[in-house]
Amino acid sequence: MAYSEKVIDHYSNPKNVGTLDKSQKNVGTGLVGAPECGDVMRLQIEVDETTGIIKDAKFKTFGCGSAIASSSLATEWLKGKSVEDALKIDNMEIVEELNLPPVKIHCSVLAEDAIKAAINDFRVKNGMEALKFEESVLH
Amino acid sequence: MNMLKLPIYLDHNATTPCDPRVVETMIPYFTEHFGNSASRNHPFGWQAEEAIDYAREQIAKLIGADPKEIIFTSGATEGDNLAIKGVFDMYASKGNHIITATTEHKAVLDTCKHIEKSGGEVTYLEVNDEGMIDLQELEASIKPTTILVAIMYANNEIGAVQPVKEISRIAKKHGVLFFTDGTQAVSKIPVDVVKDGIDLMAFSAHKMYGPKGVGALYVRRKSPRVKVTAQMDGGGHERGMRSGTLNVAGIVGFGKACEIAMQDMETETKRVSVLRDKLENGLMKLEEAYVNGSREHRLPHVTNISFKYVEGEGLMMGFNKDIAVSSGSACTSASLEPSYVLKALGLGDDLAHSSLRFGLGRFTTEEQIDYTIEQVSKTVIKLREMSPLWEMYKEGVDLDKIEWAHH
Ligand SMILES: Cc1ncc(COP(=O)(O)O)c(C=O)c1O
Ligand code: FES
Numbered sequence: 000m001a002y003s004e005k006v007i008d009h010y011s012n013p014k015n016v017g018t019l020d021k022s023q024k025n026v027g028t029g030l031v032g033a034p035e036c037g038d039v040m041r042l043q044i045e046v047d048e049t050t051g052i053i054k055d056a057k058f059k060t061f062g063c064g065s066a067i068a069s070s071s072l073a074t075e076w077l078k079g080k081s082v083e084d085a086l087k088i089d090n091m092e093i094v095e096e097l098n099l100p101p102v103k104i105h106c107s108v109l110a111e112d113a114i115k116a117a118i119n120d121f122r123v124k125n126g127m128e129a130l131k132f133e134e135s136v137l138h
Numbered sequence: 000m001n002m003l004k005l006p007i008y009l010d011h012n013a014t015t016p017c018d019p020r021v022v023e024t025m026i027p028y029f030t031e032h033f034g035n036s037a038s039r040n041h042p043f044g045w046q047a048e049e050a051i052d053y054a055r056e057q058i059a060k061l062i063g064a065d066p067k068e069i070i071f072t073s074g075a076t077e078g079d080n081l082a083i084k085g086v087f088d089m090y091a092s093k094g095n096h097i098i099t100a101t102t103e104h105k106a107v108l109d110t111c112k113h114i115e116k117s118g119g120e121v122t123y124l125e126v127n128d129e130g131m132i133d134l135q136e137l138e139a140s141i142k143p144t145t146i147l148v149a150i151m152y153a154n155n156e157i158g159a160v161q162p163v164k165e166i167s168r169i170a171k172k173h174g175v176l177f178f179t180d181g182t183q184a185v186s187k188i189p190v191d192v193v194k195d196g197i198d199l200m201a202f203s204a205h206k207m208y209g210p211k212g213v214g215a216l217y218v219r220r221k222s223p224r225v226k227v228t229a230q231m232d233g234g235g236h237e238r239g240m241r242s243g244t245l246n247v248a249g250i251v252g253f254g255k256a257c258e259i260a261m262q263d264m265e266t267e268t269k270r271v272s273v274l275r276d277k278l279e280n281g282l283m284k285l286e287e288a289y290v291n292g293s294r295e296h297r298l299p300h301v302t303n304i305s306f307k308y309v310e311g312e313g314l315m316m317g318f319n320k321d322i323a324v325s326s327g328s329a330c331t332s333a334s335l336e337p338s339y340v341l342k343a344l345g346l347g348d349d350l351a352h353s354s355l356r357f358g359l360g361r362f363t364t365e366e367q368i369d370y371t372i373e374q375v376s377k378t379v380i381k382l383r384e385m386s387p388l389w390e391m392y393k394e395g396v397d398l399d400k401i402e403w404a405h406h
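Top line first, the protein sequences correspond to chains A and B.
Numbered by numbering that gives the first Met the number 0, the letters in the first sequence go through residues 0 to 138 in order.
Numbered by numbering that gives the first Met the number 0, the letters in the second sequence go through residues 0 to 406 in order.
Chain A with its partners taken away, still in its complex shape:
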């Protein structure tokens, strides 16, 4: 199966690979997936406490090219968004942007899950309740 140009581009030049200091109160970390499933994604956001805007986002991913591309794209989209808007990112938007084939949809689901997990981590750290999400699509 050939990859789309955009997947190849994100894979070859991933945006925002790295680690934020997870001990900071304004940093939210989401770690999703499992090594046994062949995919683990860690996505982090750094929120500006006065504006509620995500000023930085970083990822590290163990997974296929589509998973790497999905997380790279997700960090790009997160930067500059408010936390509320970030919650609206839907995995199908990632699928469309990257032209992922059906067998790779779960890689985008993982990215959406990682965003939500990072936001919840941020919320809990800052005295807010964790949001409940519908069980995402199964792998």
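Read the hints as simulated data drawn from the structure, not as lab findings.
We put the beta carbon where it would ideally sit given N, CA and C, even for glycine.
Restraint-style ranges between C-beta atoms, simulated for each label pair: (1) B:D399 <-> A:N125: 26 to 34 Å; (2) A:L86 <-> B:V396: 22 to 30 Å; (3) B:K320 <-> A:E92: 21 to 29 Å; (4) B:E336 <-> A:L86: 30 to 38 Å; (5) A:E95 <-> B:Y53: 53 to 61 Å; (6) A:E95 <-> B:G233: 48 to 56 Å; (7) A:K131 <-> B:D399: 24 to 32 Å; (8) A:K131 <-> B:L134: 54 to 62 Å; (9) A:M91 <-> B:T14: 31 to 39 Å.
Please build the complex by placing chain B with the ligands on the supplied structure of chain A, with the hints as guidance.
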């Protein structure tokens, strides 16, 4: 430096290119000598039959068989099916129990599943961390109803070579037939049906620089005389065991491929295993890299390596427009399970997901190997920089203690 031609093919366990000498031998049999070898009454048929007879000799010679013991098939999948189902049907009055192993090719395993549905009983032997079956366990599994032991000669994913001589001795001692899937071994290492005590063996032309869609089933004719029930009804070709007009050109190519293999095996094995060792040693310089399966009892041209903390498909993507290999990762397949062969060795799913199989071949050069070491190493290092697991490992986090969200 010479120009390195890309892409490089290192997936010779999947298939091999046709040797140009093979293609050349085949060509006249598509046009000029197009006859049906079963046409007994004109020169077109005679010519085809002569070509088939000659190929049968070339093929038999490579495995130490008599030409009459070669039954042509469409490949090893058909050979596996015909051997197992054919013995099950033919020897139904003797028993219904078959012994095989968990690391067999799907063509064997799925055939055994079919046998179970048809009222047969199958024992699946486990393998050790090297991919080898336990001979004592094999012997202990034999019962009065056992009719067949089906254990592959060499494994397609890790190249592990089973102790075939010992297996056949045990089978013989108990009066049980021994079938082996020789697809990966024939032409790569010496295989001799007499010395190895093999009763039935499937193999395939496209794994040995011959064409796709042609193979053979060796069926012993003497001590004991083995018969299989045909699985396709028709004109009664191949001594009634496999009907269907023979693929004359393909068989001619198969014969030529066997002849070349016989001539070149010794030198080729040496050359290729030196390159394989160079590749393996080069890649093992990376941290946290593990060779999967036996390194001692192994085909000369294969190495299967797990690069921990990077996922196989993601890894291949770093170089697969230039280098063709395969991976046991689930992400490369439609199923969500990583390689069942690697799991049978006791590898954790995480290591199975991180594996690459390199299969070298007749036309592999040292330059290609140097380039591969460089590209694969570079990609592993790059992806580890991107891997959260690598970061945790480096920080001393015990990954087994993390509560992963399982799906
Ligand atoms: C061990 C083994 N058995 C059987 C087969 C199937 O062979 P064929 O492609 O000729 O049907 C293969 C090849 O994929 C193999 O490696
Ligand atoms: S991470 Fe396995 S298919 Fe994408």
